[in-house]
Amino acid sequence: MLNKFDLLVPKTLDEALQQYAELGSKCKIFAGGTDVLVSMHGGHKAYALLMDIKNLEELKGVEYTPEKGIVIGALTTHRCLERLPAIKEVYTALFEGVSQVGSVQTRNRGTIGGNICNAVPSGDTLGPLLALNASVIVQSVKGAREIPFGELFPGPKKTALKEDELLIKILIPARLSNSASAYTKFARRNSMDLALLGTATDLISNDGKTCDNARISLTTAAPTIIRARKTEEFLVGKELTKDVMKEAGEIASAEAKPRSSWRSSEEYRREVLKAIVPRTLAIALDRIQKGVNIP
Amino acid sequence: MSEYRVVGKSIPRKDALEKVTGSAIYGADIFLPKMLYAAVCRSPHAHAKILSVDIGEAAKVPGVKIILTGKDNIGLFGQFLMDQPIIAFEKVRYEGEPVAAVAAEDLDAAWEAVKLIKVEYELLTPVIDSIQAMKPDSPLLHEKWSDYKMAQAANPVDKSNVCDHFHLKKGDIEAGFAESDIIVENDYDGEMVQHSTMETHGSTVLFDNKGLTIWSPTQSPFMTRDQLAKLFNLSLNQVRIICTHIGGGFGSKYELKTEPILALLALKLKGRPIKMFNTRAEEFLTGGCRGPWRIHAKTGAKKDGTLVAHQFTIYWDTGAYATTGPRVSYNACFASVTPYKIPNIVIDGYTVVTNKHIATAYRGFGVPEVVWGYENQMDLIAEKLNMDKVEFRLKNALDDDDESGTGEILKSVAVKDCIKEAARLLEWDKDFKPGLTPEGKLRGRGIAAFCKLTGTPSSTSVIVKMNEDGTVVVFVSGLEMGQGSTTVIPQIVAEGLGISVEKVTTVPVDTLYSPYDKTTTSSRLTFHSGNAALDAINGIGGINDQIRELASIKWKMDVEQVVIQDGVVIGRDNSGNEKRIVIEDIGKSGIMKEQKPVIATGKYSTSEIYDPPDVETHQSKRPTVMWFWGAQAAEVEIDPETGKVEVTKVTAAHDIGKAINPLGVLQQIEGGVIMGMGHALLEEMIFDDKAILLNGNMVDFKLPTSRDAKMDLKIALVETKPHPEGPYGAKGIGEPGMAPTAAAIAFAVSNAVGKRFTSMPIKADDVLLTLKKMKSSDNHRMGGE
Amino acid sequence: MIEKTITVTVNGEVHTRTVKVHRTLLEFIREDLYLTGTKEGCNEGECGGCTILFDGKPLNSCMMLAMEADGHDILTVEGLEKDGKLHPLQEAFIEVGAVQCGFCTPGMLLSAKACLDEFPDASEDRIRKEIEGNICRCTGYNRIVQAIQVAAEKMRQDTLIVNKP
Ligand SMILES: Cc1cc2nc3c(=O)[nH]c(=O)nc-3n(C[C@H](O)[C@H](O)[C@H](O)COP(=O)(O)OP(=O)(O)OC[C@H]3O[C@@H](n4cnc5c(N)ncnc54)[C@H](O)[C@@H]3O)c2cc1C
Ligand code: FES
Ligand code: FES
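Chains as they are written, first to last, in numbering that gives the first Met the number 0: chain X, 0 to 294; chain U, 0 to 784; chain S, 0 to 164.
You may find that some hints are simply not true.
To be verified - Pairwise CB distance ranges, derived in the manner of DEER restraints:
#1 K44/X / K143/U: 41 to 49 Å
#2 G434/U / D206/X: 34 to 42 Å
#3 D116/S / K289/X: 40 to 48 Å
Claimed, not checked - Straight line, CA to CA, 20 Å or less: simulated EDC-like cross-link-like pairs of lysine to aspartate or glutamate:
#4 K56/S / E81/X
#5 K440/U / E645/U
#6 K3/X / E30/S
#7 K153/S / D72/S
#8 K440/U / E81/X
#9 K134/U / D347/U
#10 K245/X / D638/U
#11 K3/X / D82/S
#12 K19/S / D5/X
#13 K774/U / E249/X
#14 K87/X / D124/S
#15 K10/X / E2/S
#16 K241/X / E438/U
To be verified - If you want the footprint, here are the derived chain S segments under chain X, 3+ residues with CB under 8 Å:
#17 42-49
#18 147-158
The hints are simulated quantities; they were obtained by calculation from the structure and are not laboratory data. We put the CB at the ideal spot given by N, CA and C, even for glycine.
The task is simple: from the sequences and hints, build the whole structure.
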């Protein structure tokens with residue numbers, strides 16, 4: 000059961016931004032609602048005013064060109080992305096993120112913009128997007144600006160969006176031909192579960208052996224999602240042998256800041272990182288060798 | 000087997016059509032004119048004094064009809080000890096306990112009012128588990144047990160949190176241990192889990208000039224009726240329980256849940272039906288659960304593997320009120336004697352109250368827990384003696400004419416066959432190396448056997464009515480909650496009458512007209528109701544006799560001249576003339592018109608065969624009408640780097656006596672195995688140190704999904720030992736399907752890791768950290784050498 | 000806006016109602032249209048009991064506002080039967096024994112239908128993936144998966160017959 004609330008349904012982006020500028024935090028943005036409605040159903044939150052943004056054309060659609068990369072409207076659902084060949088074949092880490100969000104029903108409703116703005120460290124698109132060097136376009140009545148993914152989450156459950164800004168779209172750069180990406184979600188159940196840990200890798204290797212560059216992100220491994228920078232530095236220039244990848248896992252585990260909670264202990268989380276970081280690297284490397292992630 | 004026409008054939012469930020078309024009416028599908036909605040204000044604390052309840056603001060919400068608080072409480076209820084208030088007064092004893100209830104014109108108003116009720120509490124120290132509860136200086140949840148009325152025999156220990164103590168004794172335990180060559184002694188425990196039926200608890204209650212009418216998806220309409228009649232001082236014909244379809248029970252819908260509080264509201268709002276269903280969050284707090292448990296076990300054996308002594312002490316954390324705790328303990332303590340021959344046994348069961356959610360029956364009344372305990376012991380002994388685990392079990396397993404740990408000379412025991420079958424299906428004899436596979440997984444396997452009794456004595460009655468067209472309706476009060484009773488009972492009746500099963504249907508249960516039945520629990524329905532139905536058919540004055548009488552009138556013969564053979568009514572008069580009619584065609588003959596209706600009652604009661612166990616020792620010549628036996632084996636693969644366990648294979652062999660509907664039996668076992676897998680590896684209710692639940696939602700409480708349930712599952716229905724008293728030899732299967740699953744899986748995990756896990760569930764965390772510890776101690780040893 | 004008049008097609012029938020904006024689509028279906036086949040198991044998107052097909056896509060109706068259905072097409076379990084004939088999935092669920100308590104069944108059937116509509120040749124793993132959001136506590140899923148496979152086969156046969164010149 001939802002508490003009583005008032006609903007705004009702006010028809011255009013201008014109208015939405017205007018209203019949002021006036022109301023700010025008094026108004027809760029409502030996209031797919033899979034986070035917003037859950038918090039209301041449980042009685043944890045009782046928003047008095049929601050703004051349904053699903054009519055805003057500017058937040059819809061996906062454009063992909065191998066040269067320029069991909070532009071994803073904030074309202075694009077996980078399911079829509081999951082079914083797009085460009086995501087599955089080219090931005091594979093993101094495919095592995097979106098296809099593992101909740102259930103089919105949740106993915107048919109939940110949007111990538113909502114996943115980002117919800118800003119929990121377990122969000123399944125966040126790790127892939129960070130690794131794939133994405134950025135987002137946000138806009139208010141004052142204008143639009145671009146925020147790199149790395150600067151998007153200043154703190155737990157916080158985004159860098161200002162009180163009057165809407166997330167409009169997500170940009171992911173074009174892929175290089177000798178690169179591949181992968182995301183591993185580790186959860187207790189095989190479906191319908193939040194990531195107990197996750198890691199995404201975007202790897203570049205020109206000879207199919209050596210790491211020329213790696214971007215590695217860790218999910219639920221700290222209060223916000225993080226880059227495993229020491230691990231990345233360690234890997235550059237190294238041949239990706241089993242031992243090297245194993246060591247990378249240990250470095251990632253050491254640089255992560257997982258917490259102990261009733262969901263799991265810090266010790267266990269660190270152990271799992273040691274396992275999934277090398278595995279994800281190996282998958283990405285294998286993809287490069289097989290040439291499957293080429294745009 | 001071909002001896003039967005209908006029995007033993009797999010037929011699709013009779014209730015399936017309404018279920019796949021969405022027309023089956025479940026509890027929450029009841030909508031009545033002028034219906035009100037209720038919501039409950041619940042305690043956020045596990046243990047606190049209620050200082051004040053202010054309903055002033057709440058009462059002002061438009062649409063609110065009434066708000067009741069602890070002051071309006073009219074009495075206490077409970078299945079054994081009547082210790083539970085409808086609405087808490089003075090004190091709350093668990094998180095989620097009702098402190099006020101609202102009825103309003105719509106749910107919005109009811110909830111708005113709930114949010115405006117202000118309750119002042121003074122926090123008390125919560126008793127968070129049975130260890131704390133058993134300490135002499137523990138706070139007491141209930142000051143004095145003797146202040147409460149007792150509805151059924153329980154054995155509370157005054158000035159303690161023990162609401163029931165059970166003791167069973169056979170032989171001389173000390174002598175047994177003295178005689179033992181090896182003794183293993185260990186502790187086992189498990190966390191709280193929930194039935195998590197897809198349909199939450201709730202009901203709709205109306206009070207009018209006729210009395211109370213309740214629409215509820217309850218497993219125990221008659222017990223609900225009786226308890227409510229007692230509580231509200233009504234006669235049995237003033238309380239009517241109309242059963243809806245049940246969206247899953249597993250024991251959780253066995254006791255009164257929302258009915259008393261709604262009845263209390265309804266009493267004040269005559270003529271207005273009031274409905275309430277738990278939200279999922281409320282369900283986690285109040286829907287019933289299997290309480291946490293601890294076992295201390297000590298078992299002794301001879302060098303040759305003969306078991307000689309077995310001592311078991313169980314602490315059941317049953318939550319804030321006794322409810323059915325003593326029954327869970329009773330059944331499980333009996334089952335703790337194991338399916339093995341052991342001459343010296345002592346079992347103690349302490350049912351302990353704590354400030355946790357109220358526990359109840361859960362698919363097996365404590366049996367999966369004790370199986371986990373005693374089968375671990377068996378594994379350990381086999382390991383110590385270097386014996387194969389199957390061989391060891393077979394050596395000790397009970398057989399016909401053996402004396403059980405409960406003092407009974409057993410009949411119809413197929414546990415050996417079950418162990419053999421489960422092992423055979425797993426290919427136990429094939430070379431198997433536990434530990435690392437070439438693919439880098441850890442592999443292991445395990446087997447567990449069990450025994451379980453059905454609650455005895457109990458009685459059931461059934462009414463069978465033949466319509467004018469020859470179709471038959473059966474008034475059976477066992478509830479269909481997914482286990483298939485609406486199909487099995489018609490099969491038994493069709494077989495008994497010699498007609499086709501399509502002609503037989505069961506009638507929805509309504510205490511107004513349905514005959515008495517104790518409860519739908521304990522896997523007792525097929526056996527008890529089936530026997531009662533056969534009694535209605537074959538008993539004196541039963542359906543068959545009545546048909547003979549009708550035929551004799553029509554054919555102008557003496558009743559004695561009419562017989563029924565293989566579904567044919569045959570009359571032979573003195574001059575040798577023969578008349579015949581197939582019972583199947585009886586409707587077409589017109590024989591049934593303008594005659595007395597063909598209606599017969601039948602009953603089945605186990606009071607006669609029941610030998611009340613000795614109060615001191617709980618030994619009895621016949622403590623139960625029926626034992627269930629079975630065994631399951633499992634194979635697992637573990638990811639050694641994350642500890643995640645995958646159950647690759649489970650084999651299940653169950654002594655079913657005779658499967659009336661094999662399809663239905665398979666369904667029960669398949670569902671039981673996956674539920675058992677969830678218990679073994681995934682499910683647990685997690686509390687903070689104030690006894691507040693942390694994971695009361697369906698993402699954090701991890702029920703297996705379709706992608707967790709994939710495994711190779713092989714099932715054998717063992718029919719080598721038909722039950723001499725069962726309908727066509729049948730026994731029950733509702734609970735047994737899950738009884739040994741968690742244990743078998745746990746042993747497979749232990750086997751793979753090379754270290755025994757004693758706590759349920761075994762989470763990936765435990766596995767990995769154990770592996771890590773083992774590795775580091777290995778290194779240590781190596782370093783020391 | 001606190002309420003809205005909506006026109007929705009449910010199982011082929013057009014309904015026009017005024018609903019409060021905080022009314023969920025599930026409440027609308029069950030309590031306004033009395034189509035009680037759609038079940039509430041959690042109200043939080045976690046069980047799939049309330050699954051409906053919304054313009055052909057499976058969604059949890061507890062996680063939507065009723066007003067969002069304005070102008071859309073909804074299929075509930077009551078609409079699966081066509082001209083008095085059960086849908087192949089319904090038949091298969093009965094035959095194979097994929098139903099026990101039946102509470103998950105309506106939602107499960109709709110997820111299964113969406114699965115086969117999109118993947119007529121779905122493998123076992125695909126089926127398990129597509130019904131991952133529908134929790135069943137009774138059956139252990141095996142028979143549900145089998146029933147979907149049986150229905151898929153039947154639907155393929157039916158298509159062959161229809162497509163024959
Ligand atoms: C059963 C279930 C399972 C789930 N499982 C997973 C899972 O496995 N992995 C996972 O990552 N998530 C999971 N989720 C969470 C959720 O589905 C995702 O986070 C989803 O992507 C949220 O998108 P939405 O459109 O539904 O967001 P909403 O609920 O509409 O919004 C989410 C937040 O973002 C804000 N917001 C939305 N869009 C914008 C915008 N354009 N501009 C500014 N602010 C905006 C909202 O105000 C709100 O704070 C699950 C949810 C449920 C109910
Ligand atoms: S009721 Fe909607 S998903 Fe459970
Ligand atoms: S049949 Fe009971 S929940 Fe699926």
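Which earlier hints can't be squared with this structure?
When the structure is compared with the hints, numbers 3, 7, 8, 11 and 18 turn out to be violated.
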